[in-house]
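S.K.: Line by line, the protein sequences are chains W and B. With the numbering used here as the guide, the letters of the first sequence map in order to residues 35 to 309. With the numbering used here as the guide, the letters of the second sequence map in order to residues -9 to 166.
It should be emphasised that the hints constitute simulated quantities derived from the structure, not laboratory data. If you're wondering where the values come from, they're calculated on a predicted model, not measured in any experiment. Careful, some of the hints might be misleading.
Derived DSS-like pairs (lysine-lysine); straight-line CA-CA distance at most 30 Å [unchecked claim]: (1) K131(W) to K145(B); (2) K131(W) to K264(W); (3) K20(B) to K70(B); (4) K204(W) to K258(W); (5) K101(W) to K145(B); (6) K115(W) to K152(W); (7) K145(B) to K38(B); (8) K145(B) to K53(B); (9) K152(W) to K131(W); (10) K101(W) to K258(W); (11) K64(B) to K47(B); (12) K38(B) to K64(B); (13) K47(B) to K32(B); (14) K101(W) to K131(W); (15) K53(B) to K38(B); (16) K70(B) to K101(W); (17) K20(B) to K53(B); (18) K177(W) to K131(W); (19) K115(W) to K155(B); (20) K155(B) to K131(W); (21) K232(W) to K101(W); (22) K131(W) to K87(B); (23) K204(W) to K177(W); (24) K70(B) to K155(B); (25) K38(B) to K131(W); (26) K64(B) to K87(B); (27) K87(B) to K32(B); (28) K131(W) to K70(B); (29) K53(B) to K32(B); (30) K200(W) to K87(B); (31) K32(B) to K115(W); (32) K131(W) to K47(B).
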Amino acid sequence: MKKRIWGFAATAALAALVAVPASAHRQWMLPSATVLSGDDVWVTVDAAVSNDLFYFEHQPLRLDAMKAWAPDGTEATIENKSTGRYRSTFDVHLTQKGTWRIASVADMLMGTYDLGGKTERLPRGTTAANLAERIPAGATNVKTAEANNRNEIFVTVGEPTTTLFKPVGKGIELVPVTHPNDLIAGETATFQFLLDGKPAADLPVTVIPGGIRYRDQLGQVDLKTGADGKVEVNWPEPGLYWLNVTTPQAEGEEGAPPAIARRASYVTTLEVLAP
Amino acid sequence: MQLSTRVLVLGGTAGLGAVLTAPAVAADPKAMDVTINIPQLKVAEYHKPYVAIWVEKAGSAAKTVAVWYDHDMKANEGTKWLRDVRQWWRASGRSMKFPANGITGATRGPGAQKISFTRAQLGATAPGDYVLVIEAAREVGGRELLRIPFTWPAKAGAGGRAAGKTELGAVSVAFR
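Take the sequences, apply the hints, and build the full model.
M.R.: Here it is, written out as structure tokens:
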């Protein structure tokens, strides 16, 4: 009897139900740069879902929910959107100095209901807003749970700012103790994670360096947030790192659907510069 | 003949005077002369390096004293690559505006490049230990950083030196 931990894999799969028809692959965004200077600054972002980081080789990340915010909090335009076979790509014109957020956030409802003696799953794309219309007449025993998935990156023109880090209080969010655009190999970074606006204690944090294709070992580092939601990350080498935080899920039987329980996941790509 | 002898005597007197007053001058140099050797590189595509020079003091913010970059491109485009001088960018550059008055300068080619700073420019009015940092980053090339510690009050004459291996040659400071 095999047991299986429904951790990130399940969450990713659920996110994929909305984003892409993929299974437990890693979602990621790859900015052309994270630390920028100059007066007329653009960033280009590749976005994909794949096993190897950061190689677009499996599915593009859909851009329907992709948004960008300027350092002063105003929403910016996602320009030159394109979705190809393996990746999506887009540009953001960084017209203000400071730290920008580029994010694809999905707030969904997962769930089941009974109809005609059978248990049915809520269709993909169900949200609190459209739940009523998605449940057929006569359905009983409706069970729902929230699933919040946040995939975001930060890029900074000039000096890093923190105005964009005011938590919205939903899902998993990053609070910069160390600014995510001020990371240097050999220095320890501290991040705080919030779940629904409160410090997220004991959440597993996974950090994987990019460049997987050209090495034998994954190099994954498994960490856990403390009681204050904080986690310290050491960067052995400069480069790009994929960071994922996911609410742990109960064990289920192999092949059984995941339990209807609150889920949240967080993904970001961090660039660590050489000293 | 007479004239030249007089000149010689005068010169000798002036020299003597300089020797006599030298200790007073040495006790209080007013400026630092920096010589930065930019190496001649045999590469197919050569661009003069971006160079940033700044001063660090424990407990104080880094103070940029010079940045050599493509400051005369249209629409200030040369600032796009300032972040490639990456330690300087983090220590100081990212909080500055460009062009920076008295700090911005044109890029310089291979050879011994000289630049001088007053004690005030260096932000070294307070006595103490400082480090002069010189970082060079070259388009389609590499990056190198050198550190030269100095103290103020400084002794007149040659100060510290350091030698680079790739993007910088010998770098030295002198006080006067």
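S.K.: Would you mind marking each hint as holding or not holding in the structure?
M.R.: Comparing the hints with the structure gives:
A threshold of 30 Å between alpha carbons decides the hint, and for K131(W) with K145(B) the separation of about 42 Å lies outside it, so the pair is violated. The suggested pairing of K131(W) with K264(W) holds, with an alpha-carbon distance near 28 Å, which does not exceed 30 Å. Note on K20(B) and K70(B): the hinted pairing is violated, with a Cα-Cα distance of about 35 Å set against a maximum of 30 Å. Restraint check: the Cα-Cα separation between K204(W) and K258(W) comes to about 20 Å, which is no more than 30 Å; the hinted pair holds.
With a CA separation close to 58 Å, the supplied pair K101(W) and K145(B) exceeds the 30 Å bound. The hinted pair formed by K115(W) and K152(W) fails the criterion: a straight-line CA distance of about 42 Å is larger than 30 Å. For the hint linking K145(B) to K38(B), the alpha-carbon distance of about 33 Å lies beyond 30 Å, and the restraint is violated. Taking the CA atoms of K145(B) and K53(B), the gap is near 22 Å; set against the 30 Å cutoff, the hint holds.
With a CA separation close to 56 Å, the supplied pair K152(W) and K131(W) exceeds the 30 Å bound. Annotation: proposed proximity of K101(W) to K258(W) holds, straight-line Cα distance about 29 Å (limit 30 Å). Only pairs whose Cα atoms come within 30 Å are accepted, and K64(B) paired with K47(B) is rejected, the gap being roughly 35 Å. Among the hinted pairs, K38(B) with K64(B) is consistent with the structure: their alpha-carbon atoms are about 18 Å apart, no more than 30 Å.
Proximity of K47(B) to K32(B) is assessed by CA-CA distance (about 37 Å); at most 30 Å being required, the pair is judged violated. Of the supplied pair hints, the one linking K101(W) and K131(W) holds, its CA atoms being roughly 18 Å apart against a limit of 30 Å. Distance check on the hinted pair: K53(B) and K38(B) sit about 23 Å apart at the alpha-carbon level, within 30 Å; holds. With a C-alpha separation of about 25 Å, the suggested pair K70(B) and K101(W) falls inside the 30 Å cut-off, and the hint holds.
Proposed proximity of K20(B) and K53(B) is supported: the alpha carbons are some 18 Å apart, at most 30 Å. Note on K177(W) and K131(W): the hinted pairing is violated, with a Cα-Cα distance of about 46 Å set against a maximum of 30 Å. For the given pair, K115(W) sits about 44 Å from K155(B) by alpha-carbon distance, which is inconsistent with the 30 Å threshold. Restraint check for K155(B) and K131(W): not satisfied, since their Cα atoms lie roughly 35 Å apart, outside the 30 Å limit.
Distance restraint check for K232(W) and K101(W): the Cα-Cα separation of roughly 24 Å lies within the 30 Å cut-off, and the hinted pair is therefore satisfied. Between K131(W) and K87(B) the CA atoms are separated by roughly 11 Å; this keeps the pair inside 30 Å, and the hint holds. A threshold of 30 Å between alpha carbons decides the hint, and for K204(W) with K177(W) the separation of about 20 Å falls inside it, so the pair holds. Restraint check for K70(B) and K155(B): satisfied, since their Cα atoms lie roughly 26 Å apart, inside the 30 Å limit.
With a CA separation close to 27 Å, the supplied pair K38(B) and K131(W) stays within the 30 Å bound. Proposed proximity of K64(B) and K87(B) is supported: the alpha carbons are some 16 Å apart, at most 30 Å. At roughly 34 Å between alpha-carbon atoms, K87(B) and K32(B) are farther apart than 30 Å, so this suggested pair is violated. Distance hint between K131(W) and K70(B) is fulfilled; the C-alpha atoms sit about 13 Å from each other, no more than 30 Å.
Distance hint between K53(B) and K32(B) is unfulfilled; the C-alpha atoms sit about 33 Å from each other, more than 30 Å. Restraint check for K200(W) and K87(B): the C-alpha separation of about 27 Å stays at or below 30 Å, so the hint holds. Restraint check for K32(B) and K115(W): the C-alpha separation of about 42 Å exceeds 30 Å, so the hint is violated. The straight-line distance between the Cα atoms of K131(W) and K47(B) is roughly 27 Å, inside the 30 Å bound, and the hint therefore holds.
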